[in-house]
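Peer 1: Each chain is listed here by its residues.
Number of protein chains: 2
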Amino acid sequence: MINKLTIIGVGLIGGSLARALRKGGHVREVMGYGRNLAHLQEAVGLGVIDYAAVTLKEAAREADLVVVAVPVGSIPEIFSELTPGLEDGTIVTDVGSVKVPVIKAAQAALGARFPFFVPGHPIAGTERSGVGASDADLFRRRRVILTPEPETDTAAAARVRTMWQATGAEVVTMTAEQHDHVLAASSHLPHMLAYALVEMVVRMDDHRAIFDNAAGGFRDFTRIASSDPVMWRDICLANREVLVPLLRQYRNDLGTLIKAVEEGNGEVLLELFARAKRARDTLLTNDK
Amino acid sequence: MINKLTIIGVGLIGGSLARALRKGGHVREVMGYGRNLAHLQEAVGLGVIDYAAVTLKEAAREADLVVVAVPVGSIPEIFSELTPGLEDGTIVTDVGSVKVPVIKAAQAALGARFPFFVPGHPIAGTERSGVGASDADLFRRRRVILTPEPETDTAAAARVRTMWQATGAEVVTMTAEQHDHVLAASSHLPHMLAYALVEMVVRMDDHRAIFDNAAGGFRDFTRIASSDPVMWRDICLANREVLVPLLRQYRNDLGTLIKAVEEGNGEVLLELFARAKRARDTLLTNDK
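Taken in order, these protein sequences are the chains called C and V. Using numbering that gives the first Met the number 0, the letters of the first sequence map in sequence onto residues 0 to 287. Using numbering that gives the first Met the number 0, the letters of the second sequence map in sequence onto residues 0 to 287.
By construction, these hints were calculated from the structure, which means they are not laboratory data. A quick note: this is a predicted structure, and the numbers were derived from the prediction, not measured. One or more of the hints may lead you astray.
Taking CB as the label site, the calculated pair distances span [as the list claims (entries may be wrong)]:
(1) C:GLN248 x V:ALA37: 36 to 42 angstroms
(2) C:GLY129 x V:GLU150: 53 to 59 angstroms
(3) V:GLU176 x C:ASN35: 27 to 33 angstroms
(4) C:ALA107 x V:GLU270: 26 to 32 angstroms
(5) V:GLU80 x C:ARG127: 28 to 34 angstroms
The beta carbon of each residue, even a glycine, is placed where N, CA and C say it ideally should be.
Isolated chain C, as found in the complex (with noise of 0.2 angstroms):
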């Protein structure tokens, strides 16, 4: 049990966990810290915290678990004007996208209380955001990536284990780096192309015909390019040092597929295309 939980940030991801511990009764009283009032008077009528903090100081008061649920980009002034507060004994974690670079942040702001930050990521997005769209349910089966350093406090570990389990979710743990591989692979690398497509659609002559008749390979594959714009501008340039590599080696994929369409090699896209579909049927497992 919780008695108090923070959360810094009550969209989409704050406002679903909050929601989904208040629901199984993990939590006594849920405080919410946020840079828009009517964001957070939004949070207190729909019932997903008790308070509002209108200072970060009266936010990490008394607080058992902090959770910094702000975009990437804000994370590192979030933990400088929330270190003061903290009183011992109180864990802080976030849910930022990328991991290396929130470790860094949290190194220069928390100090001598760094093990007391347990960096986590819950894989759970949607291109929805806003408290208005927060779900109990919303990490329910999906996967929680947990990167404790090798300072990181044990006991810290398992009680933002524990939370994050109790939502229904299932924790892993890897390197930061690992995360930010993977998740740069898996996550970012996909949202800039879904946005550089439908960036390059809306310029064309024709493309209210072609959002028209738009099947349902286009809305699935743009789903991401409806997400935040903010979110993503941070995370991009949070792990650039990761994702400009795959981009580059994307782009360089694109022009050996460009070159077998050109030249009606039917050969090589057969293999590429049988490889692909080989790989997505197999590895993704528990495709829903």
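Using the hints, position chain V against chain C.
Peer 2: For chain V alone, coordinates are given in the frame of chain C:
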């Protein structure tokens, strides 16, 4: 009411069309033709077709309507073999994802019977294939694009339109050239991008971790990479004159995006992502 409908290629699309028309009582008798005996047996076993023909001559006999539902690359050969057996008054239509090359093949093969060929394309694929995946409701509230030529017989086009409307589809008309550009952008290009991504990821050392930790975004984005490789090789080659410039433009746009990420140009990224999100949210109105 269609007295005898012949489906050449009883797979997902051909099978679903037969099921839809039978379900609504719009057809008396459905004959199927295919290259694979086991698939035809399955189609008869499932009640999708009444009889299987083992020659195209037999398949064409006394048919009101012949629907060619084979991969685009096989259409020219089917047209050539089918033509001698066609009777006066028999209407031929197809379901190919590319229209200009199919029309050229029809002109070459059908000769004087060309006006009774109605080029068509139901925008209703899924990544599944085969008659086992066929579904009477596949076309419900989906679009079917007809691309009649100036020579196309009006009554023949009307009959094909009526057939598709009976499946619950919304039928629209455009030129074959328009169709091939619209589909290249909304379907063929995304398929290429999804195949290329999966194929790149599977070559990575940590590809198991990437697939294991993939969220809904990756699943949705790559769903079309589970599509039938032969079908997509054919579409890609048939429409390559339209597709290659789009692929090149995309690759070029990707270069601009990479540069912005590399330079940490958050403004350019935010603007691009926001433009894409706005376009998708407003233009893709009937999102499912």
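Peer 1: A separate judgement is required for each hint: does it hold in the structure or not?
Peer 2: Hints and how they fare:
1. A beta carbon spacing of about 41 angstroms between GLN248 (chain C) and ALA37 (chain V) agrees with the range 36 to 42 angstroms that was offered as a hint.
2. Our hint of 53 to 59 angstroms for GLY129 (chain C) and GLU150 (chain V) holds, since their Cβ atoms are close to 55 angstroms apart.
3. Between GLU176 (chain V) and ASN35 (chain C) the CB atoms are about 49 angstroms apart, so this pair departs from the stated range of 27 to 33 angstroms.
4. ALA107 (chain C) and GLU270 (chain V) have their C-beta atoms about 30 angstroms apart, which keeps the hinted 26 to 32 angstroms range intact.
5. At roughly 51 angstroms, the beta carbons of GLU80 (chain V) and ARG127 (chain C) sit outside the given window of 28 to 34 angstroms.
Consistency with the previously given hints fails for numbers 3 and 5, ordered from lowest to highest.
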